[in-house]
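Trainee: Residue strings, one per chain:
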Amino acid sequence: MKALLIDTVRCTGCRGCQVACKQWNKRPAEKTEFFGGPGYQNPKDLSKDTWCLVTYNEIEINGRFEWVFGKKQCMHCIEPACASACPVGALEKTPEGPVVYHKGICIGCRYCMLACPFLVPRFEFDSPNPYITKCNMCADRLTMGEIPACAKTCPTAAIEFGERDDMIHEAQRRIAENPSKYLHQIYGLEEAGGTCVLHISSVPFEELGYITDIPKQTLATNVEPAMKAIPAVMVGAALILGVSYKFRNRTRGEEPAARG
Amino acid sequence: MSTEVKGRFGFGSFILFVLVVLGIVLAIYRFATGLASVTNLNQGYPWGLWIGFDILAGIALAAGGFVIAAVVHIFGGEKYHPLVRPAILTAFLGYLMFIGGLLIDLGRPWMIWDMIIFHHHESPMFEVGWCVMLYTTVLFLEFLPVLFERYKMSGAIRAWMNLMPLVAIILLVMFAWFLTHSGTWTVIIAAVLVIFELAVRGGAIRRDVKVPTLLIMAGIIFSTLHQSSLGTLFLMVPHKLSMIWYSPTLPVMFFVSAVMAGLAMIIVESTLSSKFFGRGLELNLLQGIGKGLSWLILIYLAFRGIDLVVRGVGAEVLVMTPQSIAFWIEVVLGLLIPLAILLTPEGIASGRGLFWAGLMVVVGLVVNRLNVAVTGISGGYWPTYYPAWSEIAISVGIVSLGILVYLTLCRNFPIFEEEHSQAAGT
Numbered sequence: 001m002k003a004l005l006i007d008t009v010r011c012t013g014c015r016g017c018q019v020a021c022k023q024w025n026k027r028p029a030e031k032t033e034f035f036g037g038p039g040y041q042n043p044k045d046l047s048k049d050t051w052c053l054v055t056y057n058e059i060e061i062n063g064r065f066e067w068v069f070g071k072k073q074c075m076h077c078i079e080p081a082c083a084s085a086c087p088v089g090a091l092e093k094t095p096e097g098p099v100v101y102h103k104g105i106c107i108g109c110r111y112c113m114l115a116c117p118f119l120v121p122r123f124e125f126d127s128p129n130p131y132i133t134k135c136n137m138c139a140d141r142l143t144m145g146e147i148p149a150c151a152k153t154c155p156t157a158a159i160e161f162g163e164r165d166d167m168i169h170e171a172q173r174r175i176a177e178n179p180s181k182y183l184h185q186i187y188g189l190e191e192a193g194g195t196c197v198l199h200i201s202s203v204p205f206e207e208l209g210y211i212t213d214i215p216k217q218t219l220a221t222n223v224e225p226a227m228k229a230i231p232a233v234m235v236g237a238a239l240i241l242g243v244s245y246k247f248r249n250r251t252r253g254e255e256p257a258a259r260g
Numbered sequence: 001m002s003t004e005v006k007g008r009f010g011f012g013s014f015i016l017f018v019l020v021v022l023g024i025v026l027a028i029y030r031f032a033t034g035l036a037s038v039t040n041l042n043q044g045y046p047w048g049l050w051i052g053f054d055i056l057a058g059i060a061l062a063a064g065g066f067v068i069a070a071v072v073h074i075f076g077g078e079k080y081h082p083l084v085r086p087a088i089l090t091a092f093l094g095y096l097m098f099i100g101g102l103l104i105d106l107g108r109p110w111m112i113w114d115m116i117i118f119h120h121h122e123s124p125m126f127e128v129g130w131c132v133m134l135y136t137t138v139l140f141l142e143f144l145p146v147l148f149e150r151y152k153m154s155g156a157i158r159a160w161m162n163l164m165p166l167v168a169i170i171l172l173v174m175f176a177w178f179l180t181h182s183g184t185w186t187v188i189i190a191a192v193l194v195i196f197e198l199a200v201r202g203g204a205i206r207r208d209v210k211v212p213t214l215l216i217m218a219g220i221i222f223s224t225l226h227q228s229s230l231g232t233l234f235l236m237v238p239h240k241l242s243m244i245w246y247s248p249t250l251p252v253m254f255f256v257s258a259v260m261a262g263l264a265m266i267i268v269e270s271t272l273s274s275k276f277f278g279r280g281l282e283l284n285l286l287q288g289i290g291k292g293l294s295w296l297i298l299i300y301l302a303f304r305g306i307d308l309v310v311r312g313v314g315a316e317v318l319v320m321t322p323q324s325i326a327f328w329i330e331v332v333l334g335l336l337i338p339l340a341i342l343l344t345p346e347g348i349a350s351g352r353g354l355f356w357a358g359l360m361v362v363v364g365l366v367v368n369r370l371n372v373a374v375t376g377i378s379g380g381y382w383p384t385y386y387p388a389w390s391e392i393a394i395s396v397g398i399v400s401l402g403i404l405v406y407l408t409l410c411r412n413f414p415i416f417e418e419e420h421s422q423a424a425g426t
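Protein chains in written order, with this note's numbering: chain A, 1 to 260; chain B, 1 to 426.
Treat the hints with care, as some may be off.
Listed next, the in silico SDA-like pairs over lysine to any residue satisfying Cα-Cα at most 20 Å (straight line) [unchecked claim]:
#, chain 1, residue 1, chain 2, residue 2
1, B, 240, A, 209
2, A, 216, B, 243
3, A, 103, B, 34
4, B, 240, A, 212
5, B, 240, A, 119
6, A, 103, B, 110
7, A, 228, B, 173
8, A, 103, B, 117
9, A, 103, B, 113
10, A, 228, B, 183
11, A, 22, A, 45
12, A, 228, B, 185
13, A, 93, B, 118
14, A, 228, B, 188
15, B, 240, A, 206
16, B, 79, B, 209
17, A, 93, B, 121
18, A, 93, B, 119
19, A, 31, B, 36
20, B, 240, A, 214
21, A, 246, B, 246
22, B, 240, A, 22
23, A, 103, B, 120
24, B, 79, A, 248
25, A, 228, B, 119
26, A, 228, B, 248
27, A, 228, B, 182
28, A, 216, B, 246
29, B, 79, A, 247
30, A, 44, B, 381
31, A, 246, B, 81
32, A, 246, B, 195
33, B, 240, A, 211
In case anyone wonders, no lab produced these hints; they're calculated from the structure.
Bear in mind the structure is a predicted one, so any value in this text is a computation, not a measurement.
The shape of chain B in the complex, shown without the other chains:
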């Protein structure tokens, strides 16, 4: 990334642009000729890099949005407010990128509407699909104030404040009905939400004047379910997924590791954007995030360790196989080293230490998701899957596009605190 030209598009952006074009060309070729022309997928390995990286890892890394929104707007960590908008934007773009990746990976993406018409609510994939649709909607709604501020639409902000709780209730209740087809549960959920909103409007619970609390809550609930549902997907395959990763607790594990990676992503992204835009680094805030991150790594490590012991996994991680090596990369690079950095006083005190710890957690998370989706899967007698260069190029193109859009939006819209500290909004 060009650091010498602060906040301007330079040579780095040009490279990103070229990568985007390459990705688009390959994607067009994929739609013209079928998946076989650009991927190494086969009948034994129907899922590959795109599911592991674009979708599983991409969504986990977008978790920063809901985590920081929860910390700031629900649990009272107001001092982290400057981090909210960049994180929401990252999450929103992350989800759009992921949807782009999904549409390329799906064999018949033009039939995606069938999810809305044909409900098979016992399928984890159905839950994933609806969480994607609804959480992306919520992220867009959470991002709206940025547009309103940019174009000085104060009336719109007021309407947004009043309307959003209702929208949030509708989305949540709709989701509950689709996923359970149970009238009782739907009514219970509707009742809880309506009572909360009435309490806020009636003054029993203090109203947050900046942001509709129910919208934030909807985002957190959809995210929680979405992150965990990606783990649920793999509960279906005890016969294919390696013992190292297959656990009945996969949904919980996916959720915890997503919260962890979301925090790491906030550190990484704040550091990079502060370099790029030449703005001050919110070091004291990032240290707080780093502290939270070290706790989450500890929790996740303990959880993983206990889970492995309880399930009696031993030889699988100790004998040298591609799977066990992949597992140890995930644990050592993604958990132990960053934890050591964060527990060292010098490590957590410096922006550099925080950045590297965060980056390693992010990489470790990506390795973990690839392990669950690809490395740990056995395709029987089919030849082992390795991603084709064109699969990698399409994924790289999607990420490059995301970075370019992020930088463009940050330049033109009030994303960072110093630019919007007076105005109302998320």
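So here's chain A without its partners, still in its complex pose:
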């Protein structure tokens, strides 16, 4: 299974990945505007046209303010909550790694958005014919033997692409070789059961605006017991109802079976 490794220490904030993503996926530019709140990036957040976003964070390190850049995109979970949630299988985890969206069968229920712990899927609320949009790890490029556009374009190798296990080892190696520079944590290693986008950073991830209170286990595990119980509930209910009917109070409105 493939994965992306994002190294915020190496990132210079050039936003080449952001542009490359738009070019490959043919997403139009967005009108930018001033906004309040954390981050100095523009546009402010992921949107239906921005699937990859470099966030600009001014963070106080040893009494000095420094720029630290984060990257927002679909995390391509190993067992994605969005795909578990989708009633028609419009979102699908491919064995190669990407979580892809089959737009043709989506019914627009937006359960994937509710399920996603990383708040990634975007819905085209302003369109009469709306779709869900999100990063697909350039699944089409992968089938051609290419690597995702963002990784391809990154000039400082802050985005690297490869087998997930290799990316984990690479992240661990960088942390081990530079223990004072890196936080000893890989974001995405365990979040929501593990993701195929891994981040390492010099500052705590919540300071970069990452969502950090995400359960460590796959979200679908919470649903499985209830879904597994369905046939048992059906049989149990049928038996209880059948037996109750047989032994009910038949004092009124009852006649013996007339027809066979």
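Got chain A sorted already, so can you dock chain B onto it with the hints?
Mentor: Same frame as chain A, now just chain B:
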């Protein structure tokens, strides 16, 4: 509602009609321009009032249909028979209203058929979708005798009696297969149902000559699964739903509270329709329902309380936040006060006491479902969602349409007991 003109459409109906038209106009505008034009939904709050009210609350309030059908046709509470038809009609219209609301809420409702073609049976939403389709079908089939009676089609009733068990078996077995993709379970379920029907036809189990028992059973089973599956939907979001409501027992809780609210709805709706049509109130029956309702409130309260304690929820409900206030409204207004009324001898003895207790349970249930779907959900850094006036207007329009259709059908079809006591049927 116009009480001075008994059973006639008056000024109240005119207001309802205007609300329906407003809702339709807004719905057309929504389809022409997208959801953003009429809703305040955003990327952090993809679900809003329509999911909470039209769908979660609407379905729970329609539970009266299967509860009363179970009491009368399965558990031997024949004396409640007069309440069955109005409750089935309410449930049927409730489901149609809810489907209308769903089609407006879905981003791409014209693709709804994909549920039939593309099965992702591990998704709770898939279960919800199929329960809706099949239970609405069952409700329609349960309602058919009313049409047959109205148009004096006695042959059709006989055919209905003979065919319905088979239809019920097919629907249940199909559902079991779609939801499990397990041959073993499908065969087990099919076997149980077929054995039951053979026992009825062979005389080992007495046949109910008025209604096909398997059809009633199918309705109860689909309802049970449907009510609980709406709770299952939210099991996926422990990271977003407040501790106050997130519990692994949500499906069971949704089921119990739906049975409770279904009973309350029967009381409310019987009282209102008896006023509107100027017919006698079935007070002795409603008292029985009220008694059942008080038991269910007790069970649900105990369940809720134990669940909160076991999960260690304390500060969340004691510190003043919008969520904790919403929780206490739900508990005090929707459970404690109605329970107090129902446990007071004067309260349960009077139609007025029953009505207010029932109404409070209904309102409390609506608040509960809105809490799970909206108030309790955290959308991260996105601005907090509040429904837009146009969202409320569309929901109001749907409910108004439901009331108008209900009144029209009650006027023209044999819904109430005094009109169809001689005839056969549900």
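Trainee: Confirm or reject each hint.
Mentor: Right, here's what the structure says about each hint:
no.: 1; hint: 240/B <-> 209/A; verdict: holds, 17 Å
no.: 2; hint: 216/A <-> 243/B; verdict: holds, 17 Å
no.: 3; hint: 103/A <-> 34/B; verdict: holds, 17 Å
no.: 4; hint: 240/B <-> 212/A; verdict: holds, 13 Å
no.: 5; hint: 240/B <-> 119/A; verdict: holds, 10 Å
no.: 6; hint: 103/A <-> 110/B; verdict: holds, 13 Å
no.: 7; hint: 228/A <-> 173/B; verdict: holds, 16 Å
no.: 8; hint: 103/A <-> 117/B; verdict: holds, 15 Å
no.: 9; hint: 103/A <-> 113/B; verdict: holds, 14 Å
no.: 10; hint: 228/A <-> 183/B; verdict: holds, 14 Å
no.: 11; hint: 22/A <-> 45/A; verdict: holds, 14 Å
no.: 12; hint: 228/A <-> 185/B; verdict: holds, 11 Å
no.: 13; hint: 93/A <-> 118/B; verdict: holds, 16 Å
no.: 14; hint: 228/A <-> 188/B; verdict: holds, 15 Å
no.: 15; hint: 240/B <-> 206/A; verdict: holds, 17 Å
no.: 16; hint: 79/B <-> 209/B; verdict: holds, 16 Å
no.: 17; hint: 93/A <-> 121/B; verdict: holds, 15 Å
no.: 18; hint: 93/A <-> 119/B; verdict: holds, 15 Å
no.: 19; hint: 31/A <-> 36/B; verdict: holds, 18 Å
no.: 20; hint: 240/B <-> 214/A; verdict: holds, 10 Å
no.: 21; hint: 246/A <-> 246/B; verdict: violated, 38 Å
no.: 22; hint: 240/B <-> 22/A; verdict: violated, 30 Å
no.: 23; hint: 103/A <-> 120/B; verdict: holds, 15 Å
no.: 24; hint: 79/B <-> 248/A; verdict: holds, 13 Å
no.: 25; hint: 228/A <-> 119/B; verdict: holds, 16 Å
no.: 26; hint: 228/A <-> 248/B; verdict: holds, 14 Å
no.: 27; hint: 228/A <-> 182/B; verdict: holds, 11 Å
no.: 28; hint: 216/A <-> 246/B; verdict: holds, 17 Å
no.: 29; hint: 79/B <-> 247/A; verdict: holds, 17 Å
no.: 30; hint: 44/A <-> 381/B; verdict: holds, 12 Å
no.: 31; hint: 246/A <-> 81/B; verdict: holds, 19 Å
no.: 32; hint: 246/A <-> 195/B; verdict: holds, 13 Å
no.: 33; hint: 240/B <-> 211/A; verdict: holds, 12 Å
The structure fails hints 21 and 22 (numbered hints given earlier, in ascending order).
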